[in-house]
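S.K.: These are the residues of each chain, in order.
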Amino acid sequence: MDSPADFTVAEDGGRQVVRFSGALTLAGLGNLPKRLNALNRRDMVVDLSDVSSVDTVGAWLIHKLARDDNAEIKGCSEDAAALIEQVSQADQPVKMRPDRTPPLYRVLGQIGLATVQAGRTMLGLLGFFGSLVIASFNLIRHPRRFRFNAVVQQFEVVGADALGIIGLMSFLVGIVIAQQGAVQLRQFGAEVFTVNLIGRSAVKELGVLMTAIMVAGRSSSAFAAQIGSMKLNEEVAAMTTIGVSPMEALVFPRVFATVLMMPLLGFYAAMLAVIGGGVFTWMALDIPPVTFVQRIREVVPMTDLYQTLIKAPVFGLIIAMAGCFQGMLVEGSAEEVGLRTTSAVVQSIFLVIVLDAFFAVFFTSIGWP
Amino acid sequence: MSDDEPIISVRGLRNSFGEQVIHEDLDLDVRKGEILGVVGGSGTGKSVLMRSIIGLQQPDEGEIKVFGEHILGRNEDELKLIRQRWGILFQSGALFSTLTVAENVQVPIREFFPDIDEDLNDEIAAYKVVMSGLPAEAGPKFPAELSGGMKKRAGVARALALDPELLFLDEPTAGLDPIGAAAFDELIRDLQSALGLTVFLITHDLDSLYAICDRVAVLADKKVVAVGTIPELLALDHPWIEEYFRGPRGRAAAMTKTGGADV
Numbered sequence: 001m002d003s004p005a006d007f008t009v010a011e012d013g014g015r016q017v018v019r020f021s022g023a024l025t026l027a028g029l030g031n032l033p034k035r036l037n038a039l040n041r042r043d044m045v046v047d048l049s050d051v052s053s054v055d056t057v058g059a060w061l062i063h064k065l066a067r068d069d070n071a072e073i074k075g076c077s078e079d080a081a082a083l084i085e086q087v088s089q090a091d092q093p094v095k096m097r098p099d100r101t102p103p104l105y106r107v108l109g110q111i112g113l114a115t116v117q118a119g120r121t122m123l124g125l126l127g128f129f130g131s132l133v134i135a136s137f138n139l140i141r142h143p144r145r146f147r148f149n150a151v152v153q154q155f156e157v158v159g160a161d162a163l164g165i166i167g168l169m170s171f172l173v174g175i176v177i178a179q180q181g182a183v184q185l186r187q188f189g190a191e192v193f194t195v196n197l198i199g200r201s202a203v204k205e206l207g208v209l210m211t212a213i214m215v216a217g218r219s220s221s222a223f224a225a226q227i228g229s230m231k232l233n234e235e236v237a238a239m240t241t242i243g244v245s246p247m248e249a250l251v252f253p254r255v256f257a258t259v260l261m262m263p264l265l266g267f268y269a270a271m272l273a274v275i276g277g278g279v280f281t282w283m284a285l286d287i288p289p290v291t292f293v294q295r296i297r298e299v300v301p302m303t304d305l306y307q308t309l310i311k312a313p314v315f316g317l318i319i320a321m322a323g324c325f326q327g328m329l330v331e332g333s334a335e336e337v338g339l340r341t342t343s344a345v346v347q348s349i350f351l352v353i354v355l356d357a358f359f360a361v362f363f364t365s366i367g368w369p
Numbered sequence: 370m371s372d373d374e375p376i377i378s379v380r381g382l383r384n385s386f387g388e389q390v391i392h393e394d395l396d397l398d399v400r401k402g403e404i405l406g407v408v409g410g411s412g413t414g415k416s417v418l419m420r421s422i423i424g425l426q427q428p429d430e431g432e433i434k435v436f437g438e439h440i441l442g443r444n445e446d447e448l449k450l451i452r453q454r455w456g457i458l459f460q461s462g463a464l465f466s467t468l469t470v471a472e473n474v475q476v477p478i479r480e481f482f483p484d485i486d487e488d489l490n491d492e493i494a495a496y497k498v499v500m501s502g503l504p505a506e507a508g509p510k511f512p513a514e515l516s517g518g519m520k521k522r523a524g525v526a527r528a529l530a531l532d533p534e535l536l537f538l539d540e541p542t543a544g545l546d547p548i549g550a551a552a553f554d555e556l557i558r559d560l561q562s563a564l565g566l567t568v569f570l571i572t573h574d575l576d577s578l579y580a581i582c583d584r585v586a587v588l589a590d591k592k593v594v595a596v597g598t599i600p601e602l603l604a605l606d607h608p609w610i611e612e613y614f615r616g617p618r619g620r621a622a623a624m625t626k627t628g629g630a631d632v
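Chains as they are written, first to last, in the working numbering: chain A, 1 to 369; chain B, 370 to 632.
The following block holds chain A by itself, in its conformation from the complex (with noise of 0.2 Å):
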């Protein structure tokens, strides 16, 4: 192993001698280019006749000698001759990191940005919605394009393997309700409310709700991530030159089979939270299920059980909407999939909440209690 890198320096006739020893490579510098900088430097000659190597970075450290202070390189070996000569055609002045930006200037071109942004994505997912509308109509005038197959299997992945987990989610979440209502009724002497609680706030809000973040948060983020990768693949634009309609093959079955799952699973969702809270309450408040089961049909009208069958489409159309839509907008890197399968879920969830507030308005406002 060589000896780490050194110098020393010497006066000769007036001029200072660095002389070098070692090994002159970037495993061997240590504190060499500091004690370098450090140094006084003038008129001098850089003696390398006792250095045993020499890597790009000691060929750099000799050239930069050479450059600024003019020094005279003497007893360099032919190795290392031709590595400073390279790295002296390599020495052009090159640019580390991007421009910094004022951090008030960034933040304000983010916000700007974020809105053109968010506004061009409302814009985009309406000519979405108008092309899926129009593929739409293609599909009822050419019935015989409609593809069975897919539909099917898109209600078994977005339907059918959903059942346990919106399942059990529903009934977790109706247990925690009848417990946090009775614990709160309780103080009012009100404990047999809570059966009113468990079946107005499943049947009419919590259900559908439920089920909708859990589709976009199984469902969207598949389609995003499926047809994303297919885009990237350049499956959908080899599709449309043999004269498949994206719209149509991929994207149609997908939102048809949402639009149409979304009810069956709100439904589904509620009642298992209704059975939830049922449990609890035969449990914890000694309300026996026939009693429970009768107080329920009395006291949740059938106008909230409409409210949820008429969301639930609305819901799964913007859930698979947001998903494909997404991924229909992946360009260029495997980094976008990852990007836009975030987005797709952060959209739907964001719609479905904003949708469900009006909704809530509307219904209220047309007299639905």
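If you're looking for bench data, these hints aren't it; they were derived computationally from the structure. Here a beta-carbon is modelled for each residue, glycine too, at the ideal position from N, C-alpha and C. A hint or two may mislead.
Chain A residues, not near chain B, derived (Cβ > 12 Å throughout) [stated by the list, open to error]:
1. 49
2. 50
3. 55
4. 73
5. 105
6. 167
7. 214
8. 350
Below, computed lysine-lysine pairings styled on DSSO-like, alpha-carbon distance capped at 27 Å [stated by the list, open to error]:
9. 510/B to 401/B
10. 449/B to 401/B
11. 520/B to 510/B
12. 510/B to 95/A
13. 520/B to 95/A
14. 434/B to 591/B
15. 95/A to 34/A
16. 401/B to 592/B
17. 64/A to 510/B
Below, a sample of chain B positions facing chain A; criterion: calculated Cβ distance under 8 Å [what the hints assert, rightly or not]:
18. 509
19. 561
20. 564
Start from chain A and add chain B according to the hints.
M.R.: Same frame as chain A, now just chain B:
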């Protein structure tokens, strides 16, 4: 390690994925200071061979020595010392996408020499970037803003960051246009002679083989069937080698080579 000892030595290598055996009793030597081209049909395990040598793939059997040191069965700290001495260019550059080109080059330097002076680190990255044939403006760019050829050059800059003795290149000219590919060949040749590198080059590019390789290793039938200069290989009368170099593309590449020599 003496000078005539091979820089890479593979003995009795066996690799398999499940039932499928990729390499069986494979031997290969790479001499110090040469550019060794590795060729073989698709699926003959060229990349697997490279991954075995650099320790990314655990072979079933065999012995691999790089710089005279055993690679297999070493712990991380020992491997780190060996890894310092080689540089690798992956097929599509494999640049870190969240870092700029210059920062990519600095990653190995920072990792192995954390105490290095910041200014010197910047200067090193700067000359490596220029040496790899990138324009000076490429320094602050992110990999996504680069063309395929520039990504590979940036990959070379990163591979050269620690002044390696050995450079692995996995299909460096794949996906480049002929002008870019020829320029890349020239870059490898120049760097090899200037820095005294040994190069392990996996390629399908017949032009590269003729232009820059000192020797060519042919992978077929799960092993290295032959190693030698192209004339030596052709003298062997192996059907696959024959087809590879004497096919229409092989002839064209050979013609440009001899044509170039005449001028």
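S.K.: Look at each hint and say if it fits the structure.
M.R.: Checked hints:
The claim that residue 49/A is not at the interface with chain B holds, since no C-beta of that chain comes within 12 Å of its own (minimum 20 Å). Even its closest Cβ contact with chain B, about 20 Å, leaves residue 50/A beyond 12 Å, as expected for a residue assigned away from the interface. The beta carbon of residue 55/A sits about 4 Å from the closest Cβ of chain B, which is not more than 12 Å, so the claim that it is off the interface is violated. Residue-level check passed: residue 73/A sits 18 Å from the nearest beta carbon of chain B, beyond 12 Å.
The Cβ of residue 105/A sits about 18 Å from the closest Cβ of chain B, beyond the 12 Å cut-off, so the non-interface label holds. For residue 167/A, the shortest C-beta to C-beta distance to chain B comes to about 38 Å, beyond the 12 Å cut-off, and the non-interface label holds. With a least beta-carbon separation of about 32 Å from chain B, residue 214/A lies farther than 12 Å from that chain, consistent with its non-interface assignment. Every CB of chain B is more than 12 Å from the CB of residue 350/A (nearest about 27 Å), matching its label as outside the interface.
Under the criterion of a C-alpha separation no larger than 27 Å, the hint pairing residue 510/B with residue 401/B is inconsistent with the structure, at around 35 Å. Using a Cα cut-off of 27 Å, the hinted pair residue 449/B and residue 401/B holds, with the two alpha carbons roughly 21 Å apart. Of the supplied pair hints, the one linking residue 520/B and residue 510/B holds, its CA atoms being roughly 11 Å apart against a limit of 27 Å. For a cut-off of 27 Å, the pair hint linking residue 510/B to residue 95/A stands: about 9 Å separates their Cα positions.
Annotation: proposed proximity of residue 520/B to residue 95/A holds, straight-line Cα distance about 17 Å (limit 27 Å). The suggested pairing of residue 434/B with residue 591/B holds, with an alpha-carbon distance near 20 Å, which does not exceed 27 Å. About 22 Å separates the Cα atoms of residue 95/A and residue 34/A, which keeps this hinted pair within 27 Å; it holds. This hinted pair checks out: residue 401/B and residue 592/B have alpha carbons roughly 22 Å apart, not beyond 27 Å.
About 26 Å separates the Cα atoms of residue 64/A and residue 510/B, which keeps this hinted pair within 27 Å; it holds. Evaluation of the residue 509/B hint against chain A yields a held restraint, the C-beta minimum of about 4 Å falling below 8 Å. With a least beta-carbon distance of about 12 Å to chain A, the hint placing residue 561/B at the interface is violated under the 8 Å criterion. Below 8 Å, beta-carbon pairs count as interface contacts, and residue 564/B has one with chain A at about 7 Å; its hint therefore holds.
Hints 3, 9 and 19 from the list above are not met by this structure, while the remaining hints are.
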